[in-house]
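A.B. asks: Residue numbers (my numbering), protein chains in the order written: chain A, 1 to 481; chain B, 482 to 934.
FYI, nobody ran anything at the bench for these hints, they're computed from the structure.
Using N, Cα and C, we set each Cβ at its ideal position, and we do this for glycine too.
One or more of the hints may lead you astray.
[Unchecked claim] For each label pair, taking beta carbons as the anchor points, the in silico distance ranges come out as:
#1 Lys399/A - Asn810/B: 49 to 55 angstroms
#2 Tyr886/B - Ala145/A: 45 to 51 angstroms
#3 Asp834/B - Pro203/A: 53 to 59 angstroms
#4 Asn381/A - Lys869/B: 56 to 62 angstroms
#5 Glu914/B - Glu442/A: 46 to 52 angstroms
#6 Gly438/A - Pro916/B: 35 to 41 angstroms
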Amino acid sequence: MSDMLNTLEQTALSDYKYGWVTNIEADEAPPGLSEDIVRFISAKKKEPEWMLEWRLKAYRQWLKMTEPEWANVKYPKVNYQAIKYYSAPKQKKTLNSLDEVDPELRATFEKLGISLDEQKRLSNVAVDAVIDSVSIATTFKAELAQLGIIFCSMSEAVQEHPELIKKYLGSVVPMTDNYFAALNSAVFSDGSFCFIPKGVKSPMELSTYFRINAENTGQFERTLIVAEEGSYVSYLEGCTAPMRDENQLHAAVVEIVALDNAEVKYSTVQNWYPGDKEGKGGIYNFVTKRGICAGVNSKISWTQVETGSAVTWKYPSVILKGDNSQGEFYSVAVTNNHQQADTGTKMMHIGKNTRSRIVSKGISAGFSQNSYRGLVQVGKNAVNARNFSQCDSLLLGDKCGAHTFPYIEVKNSTAQVEHEATTSKIGEDQIFYCNQRGLETETAVALIINGFAKEVMNQLPMEFAVEAQKLLAISLEGSVG
Amino acid sequence: MEKVPKADEVRGKEGEVLMSDLKSIIQTKFTNEPFSGNGALQAFSQKGIELFNEQGIPTSKHEEWKYTRIGSVLNKEFSYAGGATAVTAKDVDAFRLPGNENANELVFVNGIYHAELSTIRSSADELVLMPLSEAVTTAYKPVIDKHLGHSANYHTDGINALNNAFAYQGLFIAVKKNMAVQHPLYCYYINDARTVNVLSQPRTLIHVGVNAEVFLVEEEVTLGASDSFINRVSEIVVEENANVHIYKIQNEDSHSSCVKTTHVRQVGVSRVNSVTITLNGGMIRNNLNVILEAPGCESNMYGLYCVKGNTHIDNHTIVDNVMPNSLSNELYKGIIDENATGVFNGKIFVRKDAQKTNAYQSNKNVLLSDAATVNTKPQLEIFADDVKCSHGCTVGRLDEEALFYLKARGIGDKEAKALLLHAFAGEILDKIELPSIRQYADAIISERLGFEL
Numbered sequence: 001m002s003d004m005l006n007t008l009e010q011t012a013l014s015d016y017k018y019g020w021v022t023n024i025e026a027d028e029a030p031p032g033l034s035e036d037i038v039r040f041i042s043a044k045k046k047e048p049e050w051m052l053e054w055r056l057k058a059y060r061q062w063l064k065m066t067e068p069e070w071a072n073v074k075y076p077k078v079n080y081q082a083i084k085y086y087s088a089p090k091q092k093k094t095l096n097s098l099d100e101v102d103p104e105l106r107a108t109f110e111k112l113g114i115s116l117d118e119q120k121r122l123s124n125v126a127v128d129a130v131i132d133s134v135s136i137a138t139t140f141k142a143e144l145a146q147l148g149i150i151f152c153s154m155s156e157a158v159q160e161h162p163e164l165i166k167k168y169l170g171s172v173v174p175m176t177d178n179y180f181a182a183l184n185s186a187v188f189s190d191g192s193f194c195f196i197p198k199g200v201k202s203p204m205e206l207s208t209y210f211r212i213n214a215e216n217t218g219q220f221e222r223t224l225i226v227a228e229e230g231s232y233v234s235y236l237e238g239c240t241a242p243m244r245d246e247n248q249l250h251a252a253v254v255e256i257v258a259l260d261n262a263e264v265k266y267s268t269v270q271n272w273y274p275g276d277k278e279g280k281g282g283i284y285n286f287v288t289k290r291g292i293c294a295g296v297n298s299k300i301s302w303t304q305v306e307t308g309s310a311v312t313w314k315y316p317s318v319i320l321k322g323d324n325s326q327g328e329f330y331s332v333a334v335t336n337n338h339q340q341a342d343t344g345t346k347m348m349h350i351g352k353n354t355r356s357r358i359v360s361k362g363i364s365a366g367f368s369q370n371s372y373r374g375l376v377q378v379g380k381n382a383v384n385a386r387n388f389s390q391c392d393s394l395l396l397g398d399k400c401g402a403h404t405f406p407y408i409e410v411k412n413s414t415a416q417v418e419h420e421a422t423t424s425k426i427g428e429d430q431i432f433y434c435n436q437r438g439l440e441t442e443t444a445v446a447l448i449i450n451g452f453a454k455e456v457m458n459q460l461p462m463e464f465a466v467e468a469q470k471l472l473a474i475s476l477e478g479s480v481g
Numbered sequence: 482m483e484k485v486p487k488a489d490e491v492r493g494k495e496g497e498v499l500m501s502d503l504k505s506i507i508q509t510k511f512t513n514e515p516f517s518g519n520g521a522l523q524a525f526s527q528k529g530i531e532l533f534n535e536q537g538i539p540t541s542k543h544e545e546w547k548y549t550r551i552g553s554v555l556n557k558e559f560s561y562a563g564g565a566t567a568v569t570a571k572d573v574d575a576f577r578l579p580g581n582e583n584a585n586e587l588v589f590v591n592g593i594y595h596a597e598l599s600t601i602r603s604s605a606d607e608l609v610l611m612p613l614s615e616a617v618t619t620a621y622k623p624v625i626d627k628h629l630g631h632s633a634n635y636h637t638d639g640i641n642a643l644n645n646a647f648a649y650q651g652l653f654i655a656v657k658k659n660m661a662v663q664h665p666l667y668c669y670y671i672n673d674a675r676t677v678n679v680l681s682q683p684r685t686l687i688h689v690g691v692n693a694e695v696f697l698v699e700e701e702v703t704l705g706a707s708d709s710f711i712n713r714v715s716e717i718v719v720e721e722n723a724n725v726h727i728y729k730i731q732n733e734d735s736h737s738s739c740v741k742t743t744h745v746r747q748v749g750v751s752r753v754n755s756v757t758i759t760l761n762g763g764m765i766r767n768n769l770n771v772i773l774e775a776p777g778c779e780s781n782m783y784g785l786y787c788v789k790g791n792t793h794i795d796n797h798t799i800v801d802n803v804m805p806n807s808l809s810n811e812l813y814k815g816i817i818d819e820n821a822t823g824v825f826n827g828k829i830f831v832r833k834d835a836q837k838t839n840a841y842q843s844n845k846n847v848l849l850s851d852a853a854t855v856n857t858k859p860q861l862e863i864f865a866d867d868v869k870c871s872h873g874c875t876v877g878r879l880d881e882e883a884l885f886y887l888k889a890r891g892i893g894d895k896e897a898k899a900l901l902l903h904a905f906a907g908e909i910l911d912k913i914e915l916p917s918i919r920q921y922a923d924a925i926i927s928e929r930l931g932f933e934l
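Please take these sequences and the hints and turn them into a complete structure.
C.D. replies: Structural data, given as structure tokens:
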């Protein structure tokens with residue numbers, strides 16, 4: 001066993017494979033945050049007056065708030081005056097087709113393995129690629145438009161669909177929600193907007209790829225998905241960031257609205273730069289994600305594979321307001337070296353016969369700390385609410401930690417709520433069993449980890465499942481022998 | 482008897498009312514009635530006051546007090562009466578627990594140990610009782626220096642500090658080594674609230690020697706119809722090979738509230754069993770901490786709360802596995818009816834060196850009314866890899882199929898429910914090893930559930 005532990009410890013995290021900087025001239029705001037910067041961002045994006053007012057309101061709100069400290073993570077405080085709040089790759093003109101995209105930028109995506117044209121040709125995925133806050137190009141837009149689906153960047157949506165933005169922006173995550181949501185509302189630079197009209201089932205998976213490129217920039221995207229009555233969409237989000245010594249802040253907000261009988265599936269593979277082996281650098285990933293099942297029989301499902309970021313702090317949540325609505329949360333969170341993750345979900349049961357399911361798998365290695373924090377709340381009128389939660393933690397090595405903080409609040413006697421959690425390491429007997437059958441320890445551990453995370457991986461769309469599995473292996477390379 | 486000024490006179494934010502007044506009251510107490518004993522306890526109490534002044538009474542913003550708003554209960558006029566009240570043996574008779582004829586009965590009146598009302602049947606070879614202020618002048622001084630106030634490491638809030646301020650009035654109990662105490666210790670904590678509201682601060686430090694065994698049975702009692710608040714801290718040190726059984730029966734009136742901290746340090750390989758039964762009360766907060774400080778310790782913690790009315794029961798437990806090879810087992814069950822609230826927060830810590838720890842925790846709740854609330858938070862914090870830890874919790878109602886099964890056999894709805902609930906509770910009641918106490922607990926639970934034996 002000690003041999004195995006040695007191997008586990010010796011071999012450290014493989015180098016971050018997505019760590020390079022693309023040399024694109026960026027159009028930036030000076031560092032610091034003030035009303036002028038908010039105005040600058042708004043002006044840069046040629047936003048209408050109401051949008052600027054909204055941002056300023058959020059900014060004033062943010063000034064009144066203090067940074068929360070309750071999470072089980074430790075990090076040097078962010079200096080909000082040292083961050084550049086706007087950085088857009090310089091572009092000469094509006095683009096009509098993908099071929100016009102800056103070739104260097106295209107190369108970046110190719111390195112990431114999501115080459116736009118390849119995706120276009122082969123995988124039937126519409127990609128809204130976001131580099132440093134500005135959406136570069138949106139593929140398949142025309143095809144989607146025929147069905148009435150709007151899939152565009154947030155800035156475009158503000159210009160072209162103000163009525164929808166006015167109605168839904170901030171309706172799920174109000175600007176007053178929390179410190180980072182307020183900050184995001186004030187300075188968000190771009191993001192994706194997705195609108196699925198009544199009765200339309202999106203024929204393809206919609207996808208955004210986020211990437212933080214310029215130095216000292218915070219990334220504040222804002223995503224809004226609205227699924228009208230009877231519609232369906234599966235949405236993918238992936239993130240990477242180059243290697244840098246400083247910590248970078250990422251404070252995004254994602255809002256989902258599902259009306260009657262609508263279903264939204266949101267999958268994330270998060271692979272922000274986690275910092276080096278000594279815990280230097282890396283992304284602070286402080287994200288607010290929330291969906292509301294506003295209509296009857298609606299469903300929102302979050303699936304996340306979290307392997308990156310120095311500090312992760314996020315709780316994709318579902319408000320189950322409509323009767324018979326369903327919320328799901330599937331998560332694999334891997335932490336290695338000095339990474340810290342405090343992640344989980346909130347399921348708020350308000351309507352009758354609402355159901356939720358939480359499956360969370362945490363894997364900790366190195367010196368990392370991995371926490372699950374979840375809330376299941378059953379309101380007074382949530383008759384027959386049902387929840388099942390399972391959080392399992394796997395510890396690789398004796399210097400890491402696994403923590404579980406589940407909150408369960410029930411105010412209705414017909415509710416049925418179950419929570420179970422286990423913490424363990426890979427059993428010597430399991431390894432022995434595999435060894436006996438000719439598998440090397442290394443392979444055996446990988447096999448067991450894969451099995452451990454399978455329940456969640458199975459929820460990912462095909463394209464992502466492959467990538468996620470690779471990521472899992474990369475993040476734990478060394479730790480798992 | 483000093484009095485706190487009426488709440489209206491100094492009303493501030495929640496929980497702030499008492500702070501400034503308490504300080505002056507306690508300070509006066511210190512100058513007016515210099516206590517016996519040496520300066521060590523005075524310094525200890527002084528530190529308690531200072532911390533209390535700093536922290537105040539915890540509000541719901543305090544993570545450990547998120548679901549229990551203690552300020553609302555304390556936000557009234559309380560008397561800090563000492564032990565000198567008109568409580569007689571006859572008053573005590575009214576609530577003696579079964580089996581008392583064979584027990585050591587320790588009576589605390591308004592927080593202070595009352596020797597005249599107590600009956601000690603064990604010989605001085607087995608059991609030593611003396612005020613803490615006296616014990617610090619004896620050979621037990623090192624024990625007190627080492628263990629008194631250890632609970633403050635786990636409870637940094639003002640409530641614990643407030644009790645520390647009164648520690649100089651506390652009682653020291655020692656169970657001598659190699660002694661299995663034949664007579665269980667029945668401890669009655671009486672608040673005499675017949676004329677005024679009473680806030681009391683009982684404090685005990687119990688040292689259980691090598692190879693010793695002791696049964697502790699604890700009950701809080703309020704006399705009279707005024708409000709009563711008991712803020713009790715009991716610290717228990719368990720040496721090598723000792724066995725300790727702690728049973729608590731909580732069956733008070735709705736105007737009686739308490740914060741009860743039981744802090745157990747298992748410093749040698751030892752075994753501790755704890756059973757907490759809660760039926761009635763106003764706002765009840767139980768802190769149970771078990772620190773497994775020696776390799777190979779075993780600790781079992783059981784709880785049953787069967788509450789109705791407006792009772793608020795909050796069980797906070799901490800199991801801290803410091804050394805390897807320990808086993809802890811925790812099961813808390815709740816039956817919550819009417820407007821009652823059940824809160825459970827179980828924490829398991831497994832420290833870096835505590836390899837091969839087995840820690841289990843489970844919390845099961847049945848809600849009987851739509852006005853009832855359950856807030857539960859089973860929490861694991863693990864820093865060692867070679868461990869087996871699990872926790873689970875459920876909230877639900879009675880199994881429809883089981884009910885149907887019984888009803889199909891001619892058992893009425895009410896009886897069938899009572900039968901199922903009694904079986905649900907039985908798992909905990911069975912853990913009480915003193916027959917007289919087990920039967921008593923079973924009887925009061927059965928009565929509550931409408932179950933006929």
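A.B. asks: Each hint: holds or not?
C.D. replies: Quick rundown of the hints versus the structure:
1. The beta-carbon spacing between Lys399/A and Asn810/B, approximately 27 angstroms, falls outside the hinted interval of 49 to 55 angstroms.
2. For the pair Tyr886/B and Ala145/A, the beta carbons lie near 59 angstroms from each other, so the given range of 45 to 51 angstroms is not met.
3. At roughly 57 angstroms, the beta-carbon separation of Asp834/B and Pro203/A lies within the given 53 to 59 angstroms, and the hint holds.
4. Between Asn381/A and Lys869/B, the C-beta spacing of about 40 angstroms breaks the proposed range 56 to 62 angstroms.
5. About 50 angstroms separates the C-beta atoms of Glu914/B and Glu442/A, a value consistent with the hinted range of 46 to 52 angstroms.
6. In this structure, Gly438/A and Pro916/B break the distance hint of 35 to 41 angstroms, their C-beta atoms being roughly 59 angstroms apart.
Of the numbered hints listed earlier, those contradicted by the structure are 1, 2, 4 and 6.
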